[in-house]
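All chains, full assembly: derive it from the sequences and hints.
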Amino acid sequence: QSKEDVFDAYVAHGGRVEASHWMPDAYRKTLIRQVSQHAHSEIVGMLPEANWLISAPSLERKQILIAKVQDEAGHGLYLYSVAETLGAKRKDLTDALIDGRAKYSSVFNYPSLTWADVGTIGWLVDGAAILNQVTLCETSYGPYARAMIRICREESFHQRQGFEALYRMFAEGTDAQRSMIQDSINRWWAPSLMMFGPPDTDSNNSAQSMKWGIKIKTNDTLRQEFVNTIAKQSRIIGVTIPDPSLKWCPVSGNYVFTQPDWEEFYEVIGGRGMCNQDRLENIRRARDDNEWVMDAAEKYEAQQGNYAAGDPNHA
Amino acid sequence: QSKEDVFDAYVAHGGRVEASHWMPDAYRKTLIRQVSQHAHSEIVGMLPEANWLISAPSLERKQILIAKVQDEAGHGLYLYSVAETLGAKRKDLTDALIDGRAKYSSVFNYPSLTWADVGTIGWLVDGAAILNQVTLCETSYGPYARAMIRICREESFHQRQGFEALYRMFAEGTDAQRSMIQDSINRWWAPSLMMFGPPDTDSNNSAQSMKWGIKIKTNDTLRQEFVNTIAKQSRIIGVTIPDPSLKWCPVSGNYVFTQPDWEEFYEVIGGRGMCNQDRLENIRRARDDNEWVMDAAEKYEAQQGNYAAGDPNHA
Amino acid sequence: MLEDKKNQLPKSAAFTLTLADSCFIQTQRLCQWCGQAPSLEEEMAISNIALDTLSYARYLYQETINRVELPETPDTLVFKRDARQYRNFRFIELPQYSFADLVLRNLIFSSFLQNMFQRNKIADEKFYSFSEKAIVEIQYHVDHAHNWIRRLSVGTAIAKQRIQSALDIVWPHTRELSLFSEEFDVTDHLQSQTRCSWHHRATDLLREVGLALPSLPDRYRCGYDGYHTEHLGRLISETQSVYREFPGGIW
Amino acid sequence: MLEDKKNQLPKSAAFTLTLADSCFIQTQRLCQWCGQAPSLEEEMAISNIALDTLSYARYLYQETINRVELPETPDTLVFKRDARQYRNFRFIELPQYSFADLVLRNLIFSSFLQNMFQRNKIADEKFYSFSEKAIVEIQYHVDHAHNWIRRLSVGTAIAKQRIQSALDIVWPHTRELSLFSEEFDVTDHLQSQTRCSWHHRATDLLREVGLALPSLPDRYRCGYDGYHTEHLGRLISETQSVYREFPGGIW
Numbered sequence: 015q016s017k018e019d020v021f022d023a024y025v026a027h028g029g030r031v032e033a034s035h036w037m038p039d040a041y042r043k044t045l046i047r048q049v050s051q052h053a054h055s056e057i058v059g060m061l062p063e064a065n066w067l068i069s070a071p072s073l074e075r076k077q078i079l080i081a082k083v084q085d086e087a088g089h090g091l092y093l094y095s096v097a098e099t100l101g102a103k104r105k106d107l108t109d110a111l112i113d114g115r116a117k118y119s120s121v122f123n124y125p126s127l128t129w130a131d132v133g134t135i136g137w138l139v140d141g142a143a144i145l146n147q148v149t150l151c152e153t154s155y156g157p158y159a160r161a162m163i164r165i166c167r168e169e170s171f172h173q174r175q176g177f178e179a180l181y182r183m184f185a186e187g188t189d190a191q192r193s194m195i196q197d198s199i200n201r202w203w204a205p206s207l208m209m210f211g212p213p214d215t216d217s218n219n220s221a222q223s224m225k226w227g228i229k230i231k232t233n234d235t236l237r238q239e240f241v242n243t244i245a246k247q248s249r250i251i252g253v254t255i256p257d258p259s260l261k262w263c264p265v266s267g268n269y270v271f272t273q274p275d276w277e278e279f280y281e282v283i284g285g286r287g288m289c290n291q292d293r294l295e296n297i298r299r300a301r302d303d304n305e306w307v308m309d310a311a312e313k314y315e316a317q318q319g320n321y322a323a324g325d326p327n328h329a
Numbered sequence: 015q016s017k018e019d020v021f022d023a024y025v026a027h028g029g030r031v032e033a034s035h036w037m038p039d040a041y042r043k044t045l046i047r048q049v050s051q052h053a054h055s056e057i058v059g060m061l062p063e064a065n066w067l068i069s070a071p072s073l074e075r076k077q078i079l080i081a082k083v084q085d086e087a088g089h090g091l092y093l094y095s096v097a098e099t100l101g102a103k104r105k106d107l108t109d110a111l112i113d114g115r116a117k118y119s120s121v122f123n124y125p126s127l128t129w130a131d132v133g134t135i136g137w138l139v140d141g142a143a144i145l146n147q148v149t150l151c152e153t154s155y156g157p158y159a160r161a162m163i164r165i166c167r168e169e170s171f172h173q174r175q176g177f178e179a180l181y182r183m184f185a186e187g188t189d190a191q192r193s194m195i196q197d198s199i200n201r202w203w204a205p206s207l208m209m210f211g212p213p214d215t216d217s218n219n220s221a222q223s224m225k226w227g228i229k230i231k232t233n234d235t236l237r238q239e240f241v242n243t244i245a246k247q248s249r250i251i252g253v254t255i256p257d258p259s260l261k262w263c264p265v266s267g268n269y270v271f272t273q274p275d276w277e278e279f280y281e282v283i284g285g286r287g288m289c290n291q292d293r294l295e296n297i298r299r300a301r302d303d304n305e306w307v308m309d310a311a312e313k314y315e316a317q318q319g320n321y322a323a324g325d326p327n328h329a
Numbered sequence: 040m041l042e043d044k045k046n047q048l049p050k051s052a053a054f055t056l057t058l059a060d061s062c063f064i065q066t067q068r069l070c071q072w073c074g075q076a077p078s079l080e081e082e083m084a085i086s087n088i089a090l091d092t093l094s095y096a097r098y099l100y101q102e103t104i105n106r107v108e109l110p111e112t113p114d115t116l117v118f119k120r121d122a123r124q125y126r127n128f129r130f131i132e133l134p135q136y137s138f139a140d141l142v143l144r145n146l147i148f149s150s151f152l153q154n155m156f157q158r159n160k161i162a163d164e165k166f167y168s169f170s171e172k173a174i175v176e177i178q179y180h181v182d183h184a185h186n187w188i189r190r191l192s193v194g195t196a197i198a199k200q201r202i203q204s205a206l207d208i209v210w211p212h213t214r215e216l217s218l219f220s221e222e223f224d225v226t227d228h229l230q231s232q233t234r235c236s237w238h239h240r241a242t243d244l245l246r247e248v249g250l251a252l253p254s255l256p257d258r259y260r261c262g263y264d265g266y267h268t269e270h271l272g273r274l275i276s277e278t279q280s281v282y283r284e285f286p287g288g289i290w
Numbered sequence: 040m041l042e043d044k045k046n047q048l049p050k051s052a053a054f055t056l057t058l059a060d061s062c063f064i065q066t067q068r069l070c071q072w073c074g075q076a077p078s079l080e081e082e083m084a085i086s087n088i089a090l091d092t093l094s095y096a097r098y099l100y101q102e103t104i105n106r107v108e109l110p111e112t113p114d115t116l117v118f119k120r121d122a123r124q125y126r127n128f129r130f131i132e133l134p135q136y137s138f139a140d141l142v143l144r145n146l147i148f149s150s151f152l153q154n155m156f157q158r159n160k161i162a163d164e165k166f167y168s169f170s171e172k173a174i175v176e177i178q179y180h181v182d183h184a185h186n187w188i189r190r191l192s193v194g195t196a197i198a199k200q201r202i203q204s205a206l207d208i209v210w211p212h213t214r215e216l217s218l219f220s221e222e223f224d225v226t227d228h229l230q231s232q233t234r235c236s237w238h239h240r241a242t243d244l245l246r247e248v249g250l251a252l253p254s255l256p257d258r259y260r261c262g263y264d265g266y267h268t269e270h271l272g273r274l275i276s277e278t279q280s281v282y283r284e285f286p287g288g289i290w
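Residue numbers (our numbering), protein chains in the order written: chain A, 15 to 329; chain B, 15 to 329; chain C, 40 to 290; chain D, 40 to 290.
These are computed hints drawn from the structure, not numbers from a lab. Quick caveat: nothing in here was measured; it's all calculated off a predicted structure. One thing to keep in mind: the hints can contain errors.
Examples of chain B residues lying across from chain D (beta carbon under 10 Å, computed) [said to hold, decoys possible]: (1) L61; (2) P62; (3) N65; (4) I68; (5) S69; (6) S72; (7) E74; (8) P125; (9) S126; (10) L127; (11) D197; (12) E277; (13) E278; (14) E281; (15) R299.
Where is the CB? At the ideal position from N, CA and C, for every residue including glycine.
Below you can see the structure in the form of C-alpha cells.
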C-alpha cells in the first residue's frame, strides 16, 4: 500500500488532514490553488462594494457596508494564512493575481452600477458563495474547514443584510428605487448562476477533488439549490427573476431554469470580462503606490532586530 | 547725462521701450517681477474655476467656462513670453512659483466654494483686474503694453459674462440660487478690494514704478474706481455689498467704503492663506507627474535634430 | 424621457445619441486635465479639443431630439439621465491616469469620430455642413495625438513603456467601435475609402512607432448598449451635482 | 435646519457639531482607502478606525440635535446640508494623497479627539459613559499612528522625506485645534493634565523620530466657522449623490 493509498483511504473515511501531515503533492497544489483563488475572490470582491462606501445613502448603511468590506479583508487574510500552512507565500500569491496568472470568482468582473447592487451582491452573490462554502466546512483539510466555519457565519450575516436592504427598499421605497432594484437583479442573476462554475459535463478536476473531499457537491447540484432558494426569496421581496422559463417542477422538486451564457463565462474567466482590467489595475496600483511604505516598515523592523522573514505585518 | 537719465527722460515723455533697447537693470528686474507675477496669477487663477468645469450646470455655461480658463492659460503663456523678451526663462519663473519664492494675486488663495463663485470671480475679480490692466495698456515697456491690450479685450468679455451669469440667476432663478449668490459676494468682496494692493501709505516700490511708467495709477485710486463701479452694478443685479458703511458721497463723487482686513492680506501674501498650499501643490503635482512626458518630448526633438534650447513646446 | 432601452429608439437616434454621449464624456475627461497638463501649450490644446467635442455633443444631442421628437433639450439629456442611461462607448469613460492615456484615447476617438462624420456627410444631407466643418477640426485632434504618440514612443524608454501599458488597456475596447460600425451599417459607406479608415491609420501609426497591438476580444459588451464601468457613475454624479442641488434653477 | 451660522447655535451644540462633522469627514477620507491600503492588515486597521469615527459621528450628531431640539436626525444633518454648512476642522477634509497623510491626520485628529472626550467626561455627565468607552478605543487609533510614524521616519530616507512633506502640509492646520480649545473653553479642563495633552504627546513623538515641526500661522480661518477648501464640496457631493438622486427614498 503506497502512502497515496493510505492518504486516500484516510480522507475517504472522513479523516482530517492537518498542516503537519504528509499529503500528496497534487492534493497540496490543488488545495493551494483553490484556497488562494478563494482568498483572491474575497480581496477582489471588496472592490465593487468599496465603490459605494462614500455615497452610501444613510449612516447605518454606511456602517454595515464598512463592516462587511472589513470582514472580506479578514476572510482574505485568513485564507491566505491557510494557503501559507500549505507552504505558499502570500506575496507570490498576490503577484500571481496581479499578473493575471491566478483566478478569482468571475462574478467580481461585473461592475456595481447602482446602490441597489450593494444589496444584490449581498443577497445573490454572497448567497451563492455560502452554498459552496457550507459544504466546505466538511472539507478534508483541517485549517481550511475551520476557516470556512467562521467565514460562513459572517457570510450568512451579510446575505441576510443584503436581503433585508432590498426587501426594505422594495416594500417601503419609491418607484424609482424599485426600478433600480429590478435593474440590479437583471444584471446580477446570470453572473450569480455562473459562480458555481461550468456545468458538470464541462467541469475538469471535479472528480479528483471530490474524491479528496476538497469539493463536496457538484457545480450543478449547488446551482440547483441556489435557484430553488432564490426563486422563493424573490417572491418575498417582490422582484422578478429575469428568466421567463423559470418555473416550479413538482416532479423533480426543483425549479427549472435557463442556463446562463457559458461562452460569456469563459470570456470573463479568460480575463476579458467588463472589469477584469479595472480590478487588477486597482490592486496593482495599491501595491505600487504603497511600496515605499512596506519597504520602510521592513527596514525598520530589521533595524529593531525583530524582523522575521516575510511580511512586515507579521513581525 | 548718464544712460539712466536719458532713459528716464525718454520714458517720462511717453517713449516706448522695446526688448532691443538698453534699459536700467532695476527697470528690467522690476518688470520681470511684475510681468511674471501677472503671468503666475493667470495660471493660479485657472484653478478656482477649473474646480467647476465638471459640474457646470448647463452645457452653455460649461462651454463659456472652458473657453475662459483657456484664455487664462493663453494670457499666462503670452505674459511669460513677455518676461522672456526681458531675458527671463520660463522654467526658472515656474520653479520660483512652486518653491514659494514668487508671488501672485492674493485673491486666488481663496477657495471657490459654490457655482456662484464662477460668476463672482468673473464680475469682481476680473473686474478688479481689468481696472489695473487697462492702465497698463499705456505702460512704458512695449511688449507688455501690447500684451495688455489683447488681454484686456478678453478680460472685459469675461467680466461681462460673470455679471450676466449672476444677473440671470438672481433675476430668474430660485431663492436658493439667490442665497448662493449673496453668500458668494460676501466671501469675495474683501479679497477683491485687496487685489489693488495695500493702501498707498504702505505701498513700497510705487514711486519708482510710476516714474518708469510701469505703474500708472496708485492702489487707492484704482480701488476707489472699483468700488464706484461695482456699487452701481450690484444694484442692477440685486445683491448687497457686505459693507454696512458703503454709501455715496456727493461731495467727493465717490462711494465711501470700509477698508478690508489688511492683516489678513499680509498673511495671505506671506503664504498662509486658505489655499496657498493647495494651489502650489496642484502646480507642483502637474509638473512632477508629467516630467516624463516633457522629458520624452525633449529627447525626441533632440533625436530629430530640430531641438532648440529650452522648452520642447517651442521646438 | 429617453430612459428606455437603446433598441426602443429609432436606429438613427440611437446612432447620434451614442456619438453625443461619447463626445460629452470625452469633454468631461478632457476637462479633468485643466490645471494638470504637462505644459501651458498642452492646457490650451486640450481645452481646444474639449471645446470642439462639447460643440459636437450639443449638435448631436439636438439631432437626437429632432429624430425622436421628444420634449427634451441637450441639457436635460445630460443632467437628468442617470449613468445607466448613458450610451457612450465604454473606453471613453475610463479614467485617464496619465498623459499616455489621454493621447491614446484621443487618437482612437478622434480618428473614429472623423470617420463617422465622413460617413454622415455622405449618408445624411442634414449633416452635411456640420460634418464638413467637424472633419477639418478633428484633423487637428488627430494630428495632436499622432505627434505625441510619436514623441512618447521614440523619446525615452520609460515613456515608451508607459504608452505601451496604456495601449494594452485601451486597445481591446476598440472592439466596440467595429461592432458599432457593423450595427449601424457604417462600414459600407467607408469601404470605398478603406485605406483612410480610422483603424488603418491608427494601426499604421502605432506599428510604425514600434508599439505592440494587443489582440481584440471576441465578445464585447458595449457601452452603447448600456454596459458601463463603475467609473461612469462617479463622473455622472459629479457632472450633475450642482444641477441636482438646485431644483428648478436657472443657469 | 441647522443652516444658520455657527454662532446662532448654542455653544454646546456648536461644540458637538464640529466634532461630529469632523468625525464624519474623517470616516469618509478613511473609506477612500478601502482597496488602496498598503496591506490587508492595514485594510482592516483603517476600516476599524473608520467604524469607530462613524459611531462617534452618529452619537455626536444626536447630541447636537438634543441640544438644539430640532426635528433633525443624524442622517438629515449629513445628507441635507450643503458643504457650506459643514463645521468640520479644515485639515480633516484635505485629500489624503499618500499613506503618510493618513497616519499624520490620524495622529493629530485621534489624539485631539481623545482629549476632547477626556474633557467631556469631566465636564458633562451625559457624556460620561460614551466618553469612557471612546477614550479607550481611540488609544488604539493613536497607537496605530505612532507605530507607523515611527516606522516611516526611521525606516528609509525616502519614507522620512515623504512624511516630513506631509507634516509640512498638515501641521500648520493644527492652529485650528488650539483656537477651538480656546473658543470652547476646553483648555482649563485639561490644564491639570497638561503633560498628556494631545499637543505634547504628538510633538514629543514627532521630535523623537527626527521630524521638523513647521511653525504655526498667527491667524487662521477655521473650518468650524465654515471656512473650507474646494475639496470639501467635491466630497460632500459624492457623499450625497445617491441620497439626492432618490428623493423620498427609504434606505
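Now for the hints, and whether the structure bears them out:
no.: 1; hint: L61; verdict: holds (8 Å)
no.: 2; hint: P62; verdict: holds (7 Å)
no.: 3; hint: N65; verdict: holds (5 Å)
no.: 4; hint: I68; verdict: holds (9 Å)
no.: 5; hint: S69; verdict: holds (7 Å)
no.: 6; hint: S72; verdict: violated (17 Å)
no.: 7; hint: E74; verdict: violated (21 Å)
no.: 8; hint: P125; verdict: holds (5 Å)
no.: 9; hint: S126; verdict: holds (6 Å)
no.: 10; hint: L127; verdict: holds (6 Å)
no.: 11; hint: D197; verdict: holds (7 Å)
no.: 12; hint: E277; verdict: holds (7 Å)
no.: 13; hint: E278; verdict: holds (7 Å)
no.: 14; hint: E281; verdict: holds (5 Å)
no.: 15; hint: R299; verdict: holds (8 Å)
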